[in-house]
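2 protein chains.
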Amino acid sequence: MPRSGRLRADAARNRTALLRAVEELLAHHHPAQISMDLVATTAGVGKGTVFHRFGSRDGLMLALVQERAHDLGVAIADGPPPLGPGAPPRARLLAFLSAVVDLVSRNKGLLAALGPAIAAPSDQGPREAHPVYRTWHGHIAGLAGQERPDLDTDMLAHVLLASVHSEPILEALARGEGERLDRTLRDLVTALLPDGAASHTKAESRHP
Amino acid sequence: MPRSGRLRADAARNRTALLRAVEELLAHHHPAQISMDLVATTAGVGKGTVFHRFGSRDGLMLALVQERAHDLGVAIADGPPPLGPGAPPRARLLAFLSAVVDLVSRNKGLLAALGPAIAAPSDQGPREAHPVYRTWHGHIAGLAGQERPDLDTDMLAHVLLASVHSEPILEALARGEGERLDRTLRDLVTALLPDGAASHTKAESRHP
DNA sequence: CATTAAACTGACCAGCAGTCCAGTTGCTGC
DNA sequence: GCAGCAACTGGACTGCTGGTCAGTTTAATG
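Protein chains in written order, with the working numbering: chain A, 1222 to 1429; chain B, 1222 to 1429.
The reader is advised that the hints may include incorrect statements.
When chains are identical, the list treats them as one kind, so a pair holds in a single copy or across two.
[Stated by the list, open to error] Calculated lysine to any residue pairs in the SDA-like style (CA-CA distance at most 25 Å, straight line): (1) K1329 / R1236; (2) K1268 / R1241; (3) K1268 / A1232; (4) K1268 / R1404; (5) K1268 / G1397; (6) K1329 / H1358; (7) K1268 / H1251; (8) K1329 / P1306; (9) K1268 / T1356; (10) K1329 / D1279; (11) K1329 / R1355; (12) K1329 / P1370; (13) K1268 / A1253; (14) K1268 / G1363; (15) K1329 / A1232; (16) K1268 / R1327; (17) K1329 / P1310; (18) K1268 / H1358; (19) K1329 / A1253; (20) K1329 / I1297; (21) K1329 / H1351; (22) K1329 / R1241.
Since the hints were derived computationally from the structure, they do not count as laboratory data.
Generate coordinates for the entire structure from the input sequences, incorporating the hints supplied.
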């Protein structure tokens, strides 16, 4: 898997063709029955090309997820409130969770693709969660920690994110019931971070 | 996969040998690298026997999970409070969540085994969640609904259960950090179901 | 247009879940 | 006790998968 320098014209074309192919296949088939051969054929390239570019099945899925998550990443870093900086943590958190639910809802297969990729390739030691998960997790934990530094916000963030990995919930999302999940997460967060929870308006978070 | 009538002596012996084998393999290896061939060899039987008894890889995993979950199932149906009937819903819910976290913690691979089995074998329509998940989900939703019938407790139960399916959380559990998860779930539930939440002591839940 | 490194390809490999059936074995009625 | 049979057993076999590689093509550069 070549480093991300400038891609040759044909390479770039094939790269996007492959991502588009996965995207489409994921919309109509369950991830488990999408073979790399099928992806390659759909994209109109040889199978070797897939592995030359993405290294592995997980690499391909990861690339797709990163592409889809890119906009949201920009929005929380630089965008306008309440998603971006400026709004109070609780509002930002609620906005972020809504955005994630929305993102996942609109892309049925997105997290189904992410799921396997977040798991172990083999049984090496500590395992690295992939960048998208890390970013989302850090964002949630950070915001929650500003309002409730007394909680284990690290674990809390994992719990909240877990909901978009669960099969039954992904099914519900596929059925268009994203609103229900959004509402439930909202209820949870508002119950946990009541309106004036922060001890200081200008939050001074403690980093343990 | 034969119906669950009385098993012949040798069949019963092989059945438990196979379950023990999976159990042990799951303790030392990642689920993805446990082949049915390996399971059969470890148990000292032929591969055909595995499929004759359990039908499929998922069937085998499911059987193991059911065995492990059996005691808990009995405890919530007939056992003493707070796990069993008799205690107020909130206390039962907290006790149940602790028990689940405990169960999963003590069996690293248990939910890792359950994970794939809960997913789609192919892309048939509605998909059946397996019995253990259904039971757990129904229990949580029922208890929560008694205290807060205004909430979408069905979705809430999915969200709470999702935490024991998440890879990062399973890792944490494997590292012995079950207490952290237990605490976090506790915080969530107590925030959501405050002490005297139920409008009626004898709850009358609404089934949508 | 010549050169070169990058990119492409599809035959190939090892390993997997699941099938199949010929041979074996525990059970049951007599 | 034993005969007969259904249930059980095992391991060779199949079809498919993710991943590899040596040989070929092609975009970029001066």
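(request) If the cutoff is 25 Å on CA atoms, where do K1268 and R1241 land: within, between, both or neither? Let me know, please. (result) within (15 Å within a copy, 40 Å between copies)
(message) For K1329 and R1241, with the copy left unspecified, which applies at a CA distance of at most 25 Å: within, between, both, or neither?
(response) within (15 Å within a copy, 37 Å between copies)
(request) Could you figure out if K1268 and H1358 sit no more than 25 Å apart (CA to CA) within one copy, between two copies, both or neither? (result) neither (34 Å within a copy, 42 Å between copies)
(message) Regarding K1329 and R1236, is the shortest C-alpha distance of 25 Å or less found within a copy, between copies, in both, or in neither?
(response) Within one copy only: 22 Å inside, 38 Å across.
(message) Cα distance capped at 25 Å. Does K1268 pair with R1327 within a copy, between copies, both, or neither?
(response) neither (28 Å within a copy, 42 Å between copies)
(message) Cα distance capped at 25 Å. Does K1329 pair with I1297 within a copy, between copies, both, or neither?
(response) Only inside one copy: K1329 and I1297 sit 22 Å apart there, 35 Å across copies, limit 25 Å.
(request) Give the relationship of K1329 and P1370 under a CA distance limit of 25 Å: within one copy only, between copies only, both, or neither. (result) neither (34 Å within a copy, 30 Å between copies)
(message) Within a copy, between copies, both or neither: which one fits K1268 and A1253 at a CA-CA cutoff of 25 Å?
(response) Both: 18 Å inside a copy, 23 Å across copies.
(message) My question is about K1329 and P1306: at a cut-off of 25 Å on alpha-carbon distance, are they close within one copy, between copies, both, or neither?
(response) Close neither inside one copy (28 Å) nor across copies (39 Å); limit 25 Å.
(request) Please work out whether the CA atoms of K1329 and D1279 approach to 25 Å or closer within one copy, between two copies, in both situations, or in neither? (result) both (17 Å within a copy, 24 Å between copies)
(message) For K1329 and P1310, with the copy left unspecified, which applies at a CA distance of at most 25 Å: within, between, both, or neither?
(response) neither (28 Å within a copy, 35 Å between copies)
(request) Check K1329 against H1358 for me: Cα-Cα at most 25 Å, and say if that holds within a copy, between copies, both or neither. (result) both (21 Å within a copy, 23 Å between copies)
When held up to the earlier numbered hints, the structure conflicts with 4, 5, 8, 9, 12, 14, 15, 16, 17 and 18 and fits the remainder.
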